[in-house]
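Going down the list, the sequences are from chains X and Z. According to this note's numbering, the residues represented by the first sequence are 77 to 161, in order. According to this note's numbering, the residues represented by the second sequence are 2 to 372, in order.
One or more hints might be untrue.
[To be verified] Incomplete in silico selection of chain Z near chain X, CB under 8 angstroms: (1) N215; (2) A270; (3) I271; (4) H272; (5) E275; (6) Q277; (7) C305; (8) A338; (9) L341; (10) Y344; (11) L347; (12) L349; (13) E353.
[What the hints assert, rightly or not] Straight line, CA to CA, 20 angstroms or less: simulated SDA-like cross-link-like pairs of lysine to any residue: (14) Z:K357 x X:V134; (15) X:K78 x Z:K328; (16) X:K78 x X:T89; (17) X:K78 x X:A99; (18) Z:K357 x X:I126; (19) Z:K357 x X:V139; (20) Z:K357 x X:M140; (21) X:K78 x Z:L349; (22) X:K78 x Z:Y253; (23) Z:K357 x X:A99; (24) Z:K357 x X:L142; (25) Z:K357 x X:R125; (26) X:K78 x Z:R350; (27) Z:K357 x X:Q138; (28) X:K78 x Z:R355; (29) Z:K328 x Z:R145; (30) X:K78 x Z:Y344; (31) X:K78 x Z:E353; (32) Z:K357 x X:T89; (33) X:K78 x Z:S352.
In short, the hints are calculated from the structure, not lab data. We treat Cβ as the ideally placed atom computed from N, Cα and C, and that holds for glycine.
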Amino acid sequence: MKVLIPSPLLSYTSVREVEARGATLGALLSDLDRQFPGIRFRMINEQDRIRPHMRVFVNGEQVMELGQPLAPGDAVQIIQALSGG
Amino acid sequence: MAGSRVREIEGAVLAARLATAGGPILIDVRNPDEQATGSIAGAVLVPLPQLATRIAAVAPDGASPVVLFCAGGARSARAVELLEGLGYRDALSLRGGFAEWQRAGLPWSVPAIEGAPPALRNDQALRYERHVRLPEVGVAGQRRLLEARVLCIGAGGLGSPASLYLAAAGIGQLGIVDDDRVELSNLQRQVLHDTARVGAAKVDSAARTLAALNPDVRVVGIAERLAAANAATILAGYDVIVDGSDNVATRYLVNDTALRLRKPVVHAAIHRFEGQLTVFAATGAPCYRCLFPEPPPPEASPSCEEAGVLGVLPGVLGILQATEAIKLVLRIGEPMAGRLLTYDALSLRFSEVRLKADPECRACGAGSVLR
Chain X
77 MKVLIPSPLL SYTSVREVEA RGATLGALLS DLDRQFPGIR FRMINEQDRI RPHMRVFVNG
137 EQVMELGQPL APGDAVQIIQ ALSGG
Chain Z
2 MAGSRVREIE GAVLAARLAT AGGPILIDVR NPDEQATGSI AGAVLVPLPQ LATRIAAVAP
62 DGASPVVLFC AGGARSARAV ELLEGLGYRD ALSLRGGFAE WQRAGLPWSV PAIEGAPPAL
122 RNDQALRYER HVRLPEVGVA GQRRLLEARV LCIGAGGLGS PASLYLAAAG IGQLGIVDDD
182 RVELSNLQRQ VLHDTARVGA AKVDSAARTL AALNPDVRVV GIAERLAAAN AATILAGYDV
242 IVDGSDNVAT RYLVNDTALR LRKPVVHAAI HRFEGQLTVF AATGAPCYRC LFPEPPPPEA
302 SPSCEEAGVL GVLPGVLGIL QATEAIKLVL RIGEPMAGRL LTYDALSLRF SEVRLKADPE
362 CRACGAGSVL R
């Protein structure tokens, strides 16, 4: 499924939209990490929680749990707090 | 054109006849929204569709001299034909209409309409004419803008376009908080400032630019860094807060202070080619801490200075902020509250996600001390 990457993580993916697979959010993030090593840790902390300055949206709705089931057609968007003005 | 058949009168001739006793009955046949932007003093306001039924009350004698006018002369020509058909023998159309009258510098004013809010000054009626034509704004909406107080946090990349358009829109009081000075490297995106002002305080540069654009606007420059000690005092004097700050600490401070004071915040933030926009409405809608409970570590949120930024990017986001602030003042449309817009300049793609209020939120949740 399509995953939109926030600007501060483009250093990992180079492109804003990438493809990844997974039946759950956790599996999807693991697949992303296989393709772009290190990216998962930027989003998920040592307690397996989404970092509080990163947010994940599936089909426009916020999800909080790595166990969140995903379907192949889902659109995932990762958003990070930006500071610039 | 109708003008070849319908008898017309020149503006200067009409002005002279109006200045003498026994002048003609003057009728403005434009629509009410056009009349509200200004008319010729002494004109009776009778929109063309009502002319046939109201003319007997306005000019009972068919021999009375009558001059009709509209915006450019077309409708008043039809009005003359209509009156002639009703037996009026001395009906004239003002050549070139009200537009030509104004261009010639002849006297006019904004008519007082019973039950309507205070009218605009003549120069305001001209300056905001395109606003007043919008049914969603009108004279009442423009008055609301002229009485509104909007605070821009930052006179940088976002604050520049936001404050320029807010000033152009006639926001009555525009506060600008910024303690920086203009640097040459700012000018690639901070369009409030110019090369000659490098080294000047940003709030002074902003005040000069905005006052030159629109002298209706009272620009209040606050050359201070927003801090816990001054935030409540500064924000309290404003109706809408536009957050264009350049660091997350200020963003949390703006959020918490605005929540306490029940002020809506139009939020935008940028990084390289990407921007985010939302409205934190302060009334049950999610707040900044609901979205991001904790700030990113400094290395994860580099400033424009560290990361670089496409100069035009804050232009897009700052103008969207001004749009949302104006909508909030006018109470029109759907504000971005509860929604977050992201914009990627490289792909030119906007996307939107829905935000949820967090019942556990430290700032706006049930247990918060700010509520």
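Consistency of the hints with the structure:
1. Interface restraint check for N215 (chain Z): the shortest CB-CB distance to chain X comes to about 23 angstroms, outside 8 angstroms, so the restraint is violated.
2. For the restraint placing A270 (chain Z) at the interface with chain X, the shortest Cβ-Cβ distance is roughly 4 angstroms, inside the 8 angstroms limit, so the hint holds.
3. Hint status for I271 (chain Z) relative to chain X: holds, with the closest Cβ pair at about 4 angstroms, below 8 angstroms.
4. For H272 (chain Z), the suggested interface contact is upheld, since its CB lies about 4 angstroms from the closest CB of chain X, less than 8 angstroms.
5. With its C-beta approaching chain X no nearer than about 4 angstroms, E275 (chain Z) sits inside the 8 angstroms limit, and its interface hint holds.
6. A hinted interface residue such as Q277 (chain Z) counts as satisfied when its beta carbon comes closer than 8 angstroms to some beta carbon of chain X; here the least separation is about 6 angstroms, so the hint holds.
7. Contact between C305 (chain Z) and chain X, as hinted, is supported at the beta carbon level, the nearest pair being about 4 angstroms apart and thus within 8 angstroms.
8. At its closest, the beta carbon of A338 (chain Z) sits 15 angstroms from a beta carbon of chain X; the interface hint therefore is violated under the 8 angstroms criterion.
9. Against a cut-off of 8 angstroms between C-beta atoms, the interface hint on L341 (chain Z) holds, since the closest Cβ of chain X lies about 7 angstroms away.
10. Restraint check, Y344 (chain Z) versus chain X: the minimum CB separation of about 10 angstroms is more than 8 angstroms; hint violated.
11. The beta carbon of L347 (chain Z) is positioned within 8 angstroms of a beta carbon in chain X (closest approach about 7 angstroms), and the interface hint is therefore held.
12. Hint on L349 (chain Z) is violated. Least Cβ distance to chain X is approximately 11 angstroms, over the 8 angstroms limit.
13. Nearest Cβ of chain X to the Cβ of E353 (chain Z): about 7 angstroms, under the 8 angstroms cut. The hint holds.
14. With a C-alpha separation of about 13 angstroms, the suggested pair K357 (chain Z) and V134 (chain X) falls inside the 20 angstroms cut-off, and the hint holds.
15. With a C-alpha separation of about 34 angstroms, the suggested pairing of K78 (chain X) with K328 (chain Z) is violated against the 20 angstroms cut-off.
16. A C-alpha spacing of about 13 angstroms is found between K78 (chain X) and T89 (chain X), which places the hinted pair at or below 20 angstroms, so the restraint holds.
17. Distance hint between K78 (chain X) and A99 (chain X) is fulfilled; the C-alpha atoms sit about 13 angstroms from each other, no more than 20 angstroms.
18. Restraint check for K357 (chain Z) and I126 (chain X): satisfied, since their Cα atoms lie roughly 16 angstroms apart, inside the 20 angstroms limit.
19. The straight-line distance between the Cα atoms of K357 (chain Z) and V139 (chain X) is roughly 10 angstroms, inside the 20 angstroms bound, and the hint therefore holds.
20. Under the criterion of a C-alpha separation no larger than 20 angstroms, the hint pairing K357 (chain Z) with M140 (chain X) is consistent with the structure, at around 11 angstroms.
21. A C-alpha spacing of about 17 angstroms is found between K78 (chain X) and L349 (chain Z), which places the hinted pair at or below 20 angstroms, so the restraint holds.
22. Between K78 (chain X) and Y253 (chain Z) the alpha-carbon distance is near 32 angstroms, which puts this suggested pair outside the 20 angstroms criterion.
23. Distance hint between K357 (chain Z) and A99 (chain X) is unfulfilled; the C-alpha atoms sit about 24 angstroms from each other, more than 20 angstroms.
24. Of the supplied pair hints, the one linking K357 (chain Z) and L142 (chain X) holds, its CA atoms being roughly 18 angstroms apart against a limit of 20 angstroms.
25. In summary, the hint linking K357 (chain Z) to R125 (chain X) is supported, as the alpha carbons are separated by about 18 angstroms, within the 20 angstroms threshold.
26. At most 20 angstroms may separate the alpha-carbon atoms for a hinted pair to count; K78 (chain X) and R350 (chain Z) meet this at roughly 14 angstroms.
27. Straight-line distance between C-alpha atoms of K357 (chain Z) and Q138 (chain X) comes to about 8 angstroms, which keeps the hinted pair within the 20 angstroms bound.
28. Between K78 (chain X) and R355 (chain Z) the alpha-carbon distance is near 18 angstroms, which keeps this suggested pair within the 20 angstroms criterion.
29. With a C-alpha separation of about 11 angstroms, the suggested pair K328 (chain Z) and R145 (chain Z) falls inside the 20 angstroms cut-off, and the hint holds.
30. Proposed proximity of K78 (chain X) and Y344 (chain Z) is supported: the alpha carbons are some 17 angstroms apart, at most 20 angstroms.
31. For the hint linking K78 (chain X) to E353 (chain Z), the alpha-carbon distance of about 15 angstroms falls within 20 angstroms, and the restraint holds.
32. This hinted pair does not check out: K357 (chain Z) and T89 (chain X) have alpha carbons roughly 28 angstroms apart, beyond 20 angstroms.
33. Restraint check for K78 (chain X) and S352 (chain Z): the C-alpha separation of about 13 angstroms stays at or below 20 angstroms, so the hint holds.
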